[in-house]
Amino acid sequence: MSDRGIYGVMAEFDSPSQLVSAARAAQAKGYRKLDAYSPFPIEELTDALHLHKNKLPLIVLAGGVIGGLTGFLMQYWIAVVYFPINIAGRPLNSWPSFIIITFELTILFASISAVLGMMALCGLPMPYHPVFNVPRFSAASRNRFFLCIESADPLFDRVKTAEFLGTLKPREVSEVAQ
Amino acid sequence: MADDRQIVVETAAPGEIIAPGYTFGTITDQISSVVLTRKTPLFWFAAFGIGGSLLMLFLLAVTILMVKGVGIWGIRTPVMWGFAITNFVWWIGIGHAGTLISAILLLLNQRWRNSINRFAEAMTLFAVACAGMFPLLHMGRPWLFYWLLPYPNTMAIEPQFRSPLVWDVFAVSTYATVSLLFWYVGLMPDLGTLRDRTKNPIGRAIYGIMAMGWRGSARHWSVFDTASLLLAGLATPLVLSVHTVVSFDFTIAIVPGWHSTFFPPYFVAGAIYSGFAMVLALAIPLRSVYGLQGLITDKHLDNCGKIMLATGWIVAYAYMMELFNAWYGGNTYEQAAFWHRMTGPYAFQYWFLVTCNIVAPQFLWFKRVRHSPVLLFISSIVVLTGMWLERFMIIVSSLAQDFLPSSWGIFRPTRWDWATYAGTIGLFMFLFFLFVRALPMISIFEVRTLLPQAKVSKEAKS
Chain A
569 MSDRGIYGVM AEFDSPSQLV SAARAAQAKG YRKLDAYSPF PIEELTDALH
619 LHKNKLPLIV LAGGVIGGLT GFLMQYWIAV VYFPINIAGR PLNSWPSFII
669 ITFELTILFA SISAVLGMMA LCGLPMPYHP VFNVPRFSAA SRNRFFLCIE
719 SADPLFDRVK TAEFLGTLKP REVSEVAQ
Chain B
88 MADDRQIVVE TAAPGEIIAP GYTFGTITDQ ISSVVLTRKT PLFWFAAFGI
138 GGSLLMLFLL AVTILMVKGV GIWGIRTPVM WGFAITNFVW WIGIGHAGTL
188 ISAILLLLNQ RWRNSINRFA EAMTLFAVAC AGMFPLLHMG RPWLFYWLLP
238 YPNTMAIEPQ FRSPLVWDVF AVSTYATVSL LFWYVGLMPD LGTLRDRTKN
288 PIGRAIYGIM AMGWRGSARH WSVFDTASLL LAGLATPLVL SVHTVVSFDF
338 TIAIVPGWHS TFFPPYFVAG AIYSGFAMVL ALAIPLRSVY GLQGLITDKH
388 LDNCGKIMLA TGWIVAYAYM MELFNAWYGG NTYEQAAFWH RMTGPYAFQY
438 WFLVTCNIVA PQFLWFKRVR HSPVLLFISS IVVLTGMWLE RFMIIVSSLA
488 QDFLPSSWGI FRPTRWDWAT YAGTIGLFMF LFFLFVRALP MISIFEVRTL
538 LPQAKVSKEA KS
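The listed protein sequences correspond, in order, to chains A and B.
Remember, our numbering sits 568 above the position in the first sequence when you count from 1.
Remember, our numbering sits 87 above the position in the second sequence when you count from 1.
Errors might be hidden in some of the hints.
[What the hints assert, rightly or not] In silico DMTMM-like links for lysine to aspartate or glutamate, alpha-carbon gap of 25 Å or less:
#	chain 1	residue 1	chain 2	residue 2
1	B	Lys286	B	Asp116
2	A	Lys728	A	Glu611
3	B	Lys545	A	Glu612
4	A	Lys621	A	Glu740
5	B	Lys286	A	Glu611
6	A	Lys621	B	Asp312
7	B	Lys545	A	Glu611
8	B	Lys542	A	Asp615
9	A	Lys737	A	Asp615
10	A	Lys623	B	Asp312
11	A	Lys601	A	Asp615
12	B	Lys454	B	Asp385
13	B	Lys542	A	Asp725
14	A	Lys728	A	Asp582
15	A	Lys601	B	Asp116
16	B	Lys545	A	Glu743
17	A	Lys601	A	Glu612
18	B	Lys386	A	Glu612
19	A	Lys597	A	Asp582
20	A	Lys728	A	Glu718
21	B	Lys542	A	Glu743
22	B	Lys545	A	Asp582
[To be verified] Here are the in silico distance ranges between beta carbons for each label pair:
#	chain 1	residue 1	chain 2	residue 2	range
23	B	Glu103	A	Pro659	53 to 61 Å
24	A	Ala656	B	Ser140	47 to 55 Å
25	A	Pro659	B	Pro372	54 to 62 Å
Hints are computed from structural coordinates only; laboratory data are not their basis.
Since this is a predicted model, take the numbers as computed values, not measurements.
The C-beta atom is built at its ideal place from N, Cα and C for all residues, glycine as well.
Kindly generate the complete structure, drawing on both the sequences and the hints.
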């Protein structure tokens, strides 16, 4: 059977428990290119799909360090080099008074990198995605739970994968157009 | 519809946060129907109308200010800060409760916050917008506001980074940006829900663009959870720093009544106090108009009441310490400043604020008061009034009577002071009710996680 022309096969479930069990079963069966869709975050699903590690904390750390350095060096350069003002003989590099803006810019840069990093790691904004071709999929943002095994998976077979998903007691199994 | 079969749990287990009988579907429908309906309650039109009218008053006041200058306000030497900075501190304090609910209570795993965090964060954004108006307008030439920022310019001058007023620019603009980002990230899954549920093609396009293609994938949620926790961890020290920096505007100066080391915690506690009062003042009418008592339950109001009581006591303690420090510190000017507050030209305002902020909230000890929405609403308005008077007292009474009696002067607000203040209340209401109409005011996906059926059964976990 030709696997080309479709994105994958999708099963619809009623409850988070069913989805987690199905995701575990699919993992056990050897499928690796799969994704689950739910209306809210499910901790156990993250476990089942081995998604716990992501690079976001590292991105945020880098953003924060860059922000802190930017904040301090900007003030140092302006106060000492570019625009020095002698106020009652106080040192030009009066670093304690630079701490606040250093702190604020650390937070600002770290937060912006958290948001941009999240979007980059999620691949957002994404104007088109094949899963939306399934008419029932609009319920994924309401009360339904979906598991999609993608045709990119080496074990994927249009008929057998659909049959396998059928054994997991879904409400419905449907093909996802490319 | 037979298609909409749900797993219904009839009785909520003890310790559940929202009312029993809700399902994933009904939660989604109830919250999104506020936005996706054609029937807008009369209350909305009334509130939006009042907000819009006051906003017009604000525009008028600002126009006259632009034409004539800040002299239309009552700011005269020595009280040059007057209403403008009072309102700034008051508004920015109100915003703090939103960040406390969305960030600090998230880190502390207080799951009841899930029903109130969204509109509390919106409240933060709009309160900061109102707060930002005052320093800008108070500058006299608001169109030159960018002189506050360091940028290469032909005048070859730069901001003075040793000044708390410059710190304030960075603190408040960072706070506004981070609050907006945090709020928007939290909205994305719900924007996806609205995109999938609206039948209006224009609405679908707008919500679709705003949701950026969110599809609720496990990969999305995993990164989303990390991002939420990181943003909460960043927003927590930020929110504490913002009012700290605002208090530095005062403490770094040597004016009697301002030059004190306990101002930062005192200001932060007061901020959260007034912020929770505003949360209650918004939540109580909203939940009764939109029938959301099952989601924003009496338990939520009770918790907010308790937080108000606790922060109210911190504020009361600060008032007492302020007096004690003045007496024990032995500084004549400091002692005189507090004596003037209690007995001088602003004595009425002082005792009125003590009544509002310390005496009145003691009724919150009674469970019957905390469980009565009407009484809670009244006490929240009382606290908001009291906190405004507190800011007024700190700023105006200290400036009016400082070191030299020959330079003393009384502040008299003009009608434009009042118009600008009322105008920002209008701006706040206008923005807030637009938000209520156009975006889900309760976080749909977070409330779904409160349902008992959201828990994964033990068999599936293994």
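Verification of the hints:
1. This hinted pair checks out: B/Lys286 and B/Asp116 have alpha carbons roughly 13 Å apart, not beyond 25 Å.
2. A C-alpha spacing of about 29 Å is found between A/Lys728 and A/Glu611, which places the hinted pair above 25 Å, so the restraint is violated.
3. Annotation: proposed proximity of B/Lys545 to A/Glu612 holds, straight-line Cα distance about 10 Å (limit 25 Å).
4. For a cut-off of 25 Å, the pair hint linking A/Lys621 to A/Glu740 is broken: about 31 Å separates their Cα positions.
5. This hinted pair does not check out: B/Lys286 and A/Glu611 have alpha carbons roughly 32 Å apart, beyond 25 Å.
6. A hinted pair counts as satisfied when its Cα atoms are at most 25 Å apart, and A/Lys621 with B/Asp312 qualifies at roughly 12 Å.
7. For the given pair, B/Lys545 sits about 13 Å from A/Glu611 by alpha-carbon distance, which is consistent with the 25 Å threshold.
8. Distance hint between B/Lys542 and A/Asp615 is fulfilled; the C-alpha atoms sit about 14 Å from each other, no more than 25 Å.
9. Distance check on the hinted pair: A/Lys737 and A/Asp615 sit about 21 Å apart at the alpha-carbon level, within 25 Å; holds.
10. For the hint linking A/Lys623 to B/Asp312, the alpha-carbon distance of about 13 Å falls within 25 Å, and the restraint holds.
11. For the hint linking A/Lys601 to A/Asp615, the alpha-carbon distance of about 15 Å falls within 25 Å, and the restraint holds.
12. With a CA separation close to 11 Å, the supplied pair B/Lys454 and B/Asp385 stays within the 25 Å bound.
13. This hinted pair does not check out: B/Lys542 and A/Asp725 have alpha carbons roughly 32 Å apart, beyond 25 Å.
14. As the CA atoms of A/Lys728 and A/Asp582 are separated by approximately 22 Å, the hinted pair is consistent with the 25 Å bound.
15. Distance restraint check for A/Lys601 and B/Asp116: the Cα-Cα separation of roughly 33 Å exceeds the 25 Å cut-off, and the hinted pair is therefore not satisfied.
16. Proposed proximity of B/Lys545 and A/Glu743 is contradicted: the alpha carbons are some 30 Å apart, above 25 Å.
17. Of the supplied pair hints, the one linking A/Lys601 and A/Glu612 holds, its CA atoms being roughly 18 Å apart against a limit of 25 Å.
18. Between B/Lys386 and A/Glu612 the alpha-carbon distance is near 29 Å, which puts this suggested pair outside the 25 Å criterion.
19. Using a Cα cut-off of 25 Å, the hinted pair A/Lys597 and A/Asp582 holds, with the two alpha carbons roughly 22 Å apart.
20. Taken as a hint, the A/Lys728 and A/Glu718 pair is honoured in the structure, with Cα atoms around 13 Å apart against an allowance of 25 Å.
21. For a cut-off of 25 Å, the pair hint linking B/Lys542 to A/Glu743 is broken: about 29 Å separates their Cα positions.
22. At most 25 Å may separate the alpha-carbon atoms for a hinted pair to count; B/Lys545 and A/Asp582 meet this at roughly 17 Å.
23. Checked against the given bound of 53 to 61 Å, the beta carbons of B/Glu103 and A/Pro659, roughly 60 Å apart, stay inside it.
24. Under the hint 47 to 55 Å, the C-beta atoms of A/Ala656 and B/Ser140, about 51 Å apart, fit the expected range.
25. Checked against the hint of 54 to 62 Å, the C-beta distance between A/Pro659 and B/Pro372 comes to roughly 55 Å, which is consistent with it.
Hint violations for this structure: numbers 2, 4, 5, 13, 15, 16, 18, 21, all remaining hints satisfied.
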